[in-house]
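Model the full structure from these sequences, guided by the hints.
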Amino acid sequence: MNFLKRAWLNVWAKKGRSVLLILVSSAILMFVLAGLLIRSAAVKATDQAKADVGATVTLSANRQAAFKKVQSSSSSSKSSRPKMTLTPVKLSDAAKIAKLSNVKSENVTSSTSVNASSYDVVSTTSGMGSSQGGPGNMKGGTSSGDTQINGVSATSLTTAFSDNQSKITKGRGITSADKNTNHVVIEKNLASQNDLTVGDTITVKKTTGSKAKVKLKIVGIYRASATASSSAGPMSSDPSNTMYTSYTLANTFKGSKYAGTADSVTFNVSNPAKVSSVKAAGKKLINTSSYSLSTDDASYQTVKASMSNVESFANKIVWLVAIAGTIILALIVILMIRERRFEIGVLLSLGEARWKIVAQFFTEMLMVIVVAVAIAGAGGKFVGDQLGSQLVAQSTTTQTTSSSTSTQPGGGQPGGGGMRGGNGGPGMQQASSTKAADTDLDISVSAVSLAELGGFGLAITFLSIMIASGGILRLEPKKVLIS
Amino acid sequence: MLKTQNLGYWYQDKSQPLFQDLNLTFDEGQSYAILGHSGTGKTTFLSLIAGLDKPKSGDIWLGDRSLKQIGLTNYRRHDVSIVFQAYNLFTYMSPLNNLLTAMAITGAEHAGDKFFARRTLNSLGIGEDLVERNVQHLSGGQQQRVAIARAMACDAPLVVADEPTGNLDEDNTQEVIDQFQQLAHQQHKCVIIVTHEPDVAARCDHQFRLENKQFTQLA
Ligand SMILES: Nc1ncnc2c1ncn2[C@@H]1O[C@H](COP(=O)(O)OP(=O)(O)O)[C@@H](O)[C@H]1O
Ligand SMILES: [Mg+2]
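Residue numbers (this note's numbering), protein chains in the order written: chain X, 1 to 483; chain D, 484 to 702.
Source of the hints: derived by calculation from the structure; they are not laboratory data. Fair warning: this is a prediction, and the values are worked out from it, not measured in the lab. Errors might be hidden in some of the hints.
[What the hints assert, rightly or not] Distance condition first, Cα-Cα at most 16 Å in a straight line; then the derived EDC-like pairs of lysine to aspartate or glutamate:
(1) X:478 <-> D:536
(2) D:537 <-> X:476
(3) X:170 <-> X:195
(4) X:479 <-> D:536
(5) D:486 <-> D:510
(6) X:213 <-> X:120
[To be verified] Calculated from the model, a selection of chain D residues having no Cβ within reach of chain X, i.e. all distances over 10 Å:
(7) 491
(8) 510
(9) 612
(10) 614
(11) 622
(12) 685
(13) 686
[To be verified] Calculated Cβ distances over 12 Å to all of chain X for the following chain D residues:
(14) 495
(15) 503
(16) 511
(17) 541
(18) 544
(19) 601
(20) 608
(21) 652
(22) 653
(23) 658
(24) 665
(25) 679
(26) 699
Backbone N, C-alpha and C define an ideal beta-carbon position, used for all residues, glycine too.
Laid out in structure tokens, this is it:
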């Protein structure tokens, strides 16, 4: 094992050269570590993000089937404009689906409209007045009033609230405890215009049947976001005229035959990857000619795509830097070996085995690399932090852009359209919130990444010595005599 | 002890050999000088008997085994010590570590014996003040003495030297030759020195001249 001693004597005697080698190796390894850290953080963040973003399955009336029925009946009886009848979703069906595994929560949506009685509606800035017969207003038995009623299981489960487009400013939102009550959450502008506050009672007039007056108790006031109101088309009423109630109350406004029904029920799936299996299992529980199950895992797919971008980018960094580092180190070692060919010649003239000479060089580089790994471990966190935040900033921008475009055509979602006096009104998209902003890369130097770095350091050293050792193996010992 | 049998060597052109059909014998306890003008092939010859290169024709025998049978690496490790004109010590080591390293590689009897290594160096005039200093801080004469001490500390029965006094002044030359003579006469090694200096050659027990592709023994 004399080569070990020689290696040590050499590294120690040529301190300046050793320090330079350590610095070069540290720089290379720091980049490798940065890549490793980002990759492992990306893996972690991807898992987290996948779990965080909701994916949903929505049970609603089968619009396609209903539409076909309308078409066929219109060809037979030309007398009157046929009405498209959508079968309301039965809550008993929804309860069955809710029991499937991976279903985290459900949100029942039932929307209708009523007319103001004890208060004045906010007149819309677009000047179109209250909406009458929007394109989606085809639902039989529901004529439009000036006040939009969004019946929900809980406001917190709706997209508008979970995305913070709408916010409770006073009191509280609708919860499952408000079932079978007359509690209502109204918009801030409507409240201030009519001087209403939490605890007050308002009166509305049904648009169906007896057109009776109903008293509602205000439990909360919310603020609709600017984007929500601007997104409302000219056909819709002012978003301030939208109230949230329990879906049970909305059902009573629609009429007694709507008890135990809903426009749609949205199920939040705990593991977004299981969305299609939940859909498949759910389909077996319902009558698919009347009802349909649709899925929305767009944000999950977006997060998945953008995080795997980061991951593959980090992977590329790791390999590029490792390969570049190996080449750089190999070149340095080749130069070093050229400069030391007399020493190698003396070793050969003493009868030293060539592999032991290679082993000496390897040991020397190994000593350098061990110190370099320690330095890179300390410095790599800094580099990783910088790179990580840059990457996250970049990826979340692309993510939000792509997720907003992907949810734009959400008008196809049940709960929009039909029941309401408008098209794609404020915040009735179901809660498949995009939590893109929450995906943060947690960069920390773990023992695992240090071990991985050590592995890379070892491999780089080994490879560069192997590449350079051709020079040792080919060197003729006679060269030390004849120079 | 060392015999060459029809030994021949050429570089590119077989019809222009440096030497051919050499049949020489070198005995232990004797010193030999190989004289010759520059470029005649003295170093090339030495590289063959030092096991640094293979002959193009013929053979070299150590006792009853040919170098081919022994294997060149093995031969270099156990049977021959080489002293170079440029000393060729490990520049990153002290004289002491140079000796210990050579002893370890060759598996010498005294391998690992620091006391023995020191004593050997001391006996060649490398005092205690120099023993642990980096060899690069030693003079040429001192470095060549370290190289001779290295040959002395290893057990190889054959010592070959290529122009060992080429870089030394007159005083150091005389001392170094004395030490080679000690190696031959006191340690009973076979010492073969290549030199172009006639007065160095004159101090050896035997002299050969390489001329016109042939070795001629001088009276
Ligand atoms: N590697 C080589 N390739 C070709 N020719 C060489 C090589 N080494 C030495 N020579 C030539 O061989 C001859 C003998 O060289 P050398 O043995 O060094 O002579 P000396 O030691 O007697 O001066 C010289 O002419 C030299 O140019
Ligand atoms: Mg020569």
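A cut-off of 10 Å on Cβ-Cβ distance, and residue 612 of chain D was said to be off the interface with chain X. Does that hold?
Check passes; 19 Å lies beyond 10 Å.
Assertion that residue 601 of chain D lies outside the chain X interface [Cβ separation over 12 Å]:
holds (17 Å)
Between the alpha carbons of residue 213 of chain X and residue 120 of chain X, is the straight-line distance 16 Å or under?
With Cα atoms ~15 Å apart, residue 213 of chain X and residue 120 of chain X stay inside 16 Å; holds.
Measuring Cβ to Cβ, find out whether residue 608 of chain D lies farther than 12 Å from everything in chain X.
holds (22 Å)
Minimum Cβ-Cβ distance from residue 544 of chain D to chain X exceeds 12 Å:
It holds; residue 544 of chain D is separated from chain X by about 19 Å at its closest Cβ, greater than 12 Å.
If we take the beta carbon of residue 503 of chain D, is the closest beta carbon in chain X still more than 12 Å away?
At roughly 19 Å from the nearest Cβ of chain X, residue 503 of chain D sits farther out than 12 Å, so the non-interface label holds.
Given as non-interface: residue 491 of chain D, partner chain X, CB spacing beyond 10 Å:
holds (16 Å)
Would you say residue 510 of chain D is clear of chain X, with no C-beta pair closer than or equal to 10 Å?
Fine: 23 Å to the nearest Cβ keeps residue 510 of chain D off the interface.
So residue 495 of chain D supposedly isn't at the interface. Is its beta-carbon more than 12 Å from every beta-carbon in chain X?
For residue 495 of chain D, whose nearest Cβ neighbour in chain X is about 15 Å away, the distance exceeds 12 Å, so it holds.
Straight-line alpha-carbon gap residue 170 of chain X to residue 195 of chain X, limit 16 Å:
Cα-Cα ~14 Å, so holds.
Does residue 685 of chain D really sit off the interface, with its C-beta more than 10 Å from all C-beta atoms of chain X?
holds (24 Å)
So is residue 622 of chain D really clear of chain X, every C-beta pair being over 10 Å apart?
Since the minimum Cβ distance to chain X is about 19 Å, residue 622 of chain D lies beyond 10 Å and the statement holds.
Every hint, counting from the list given before, is met by this structure.
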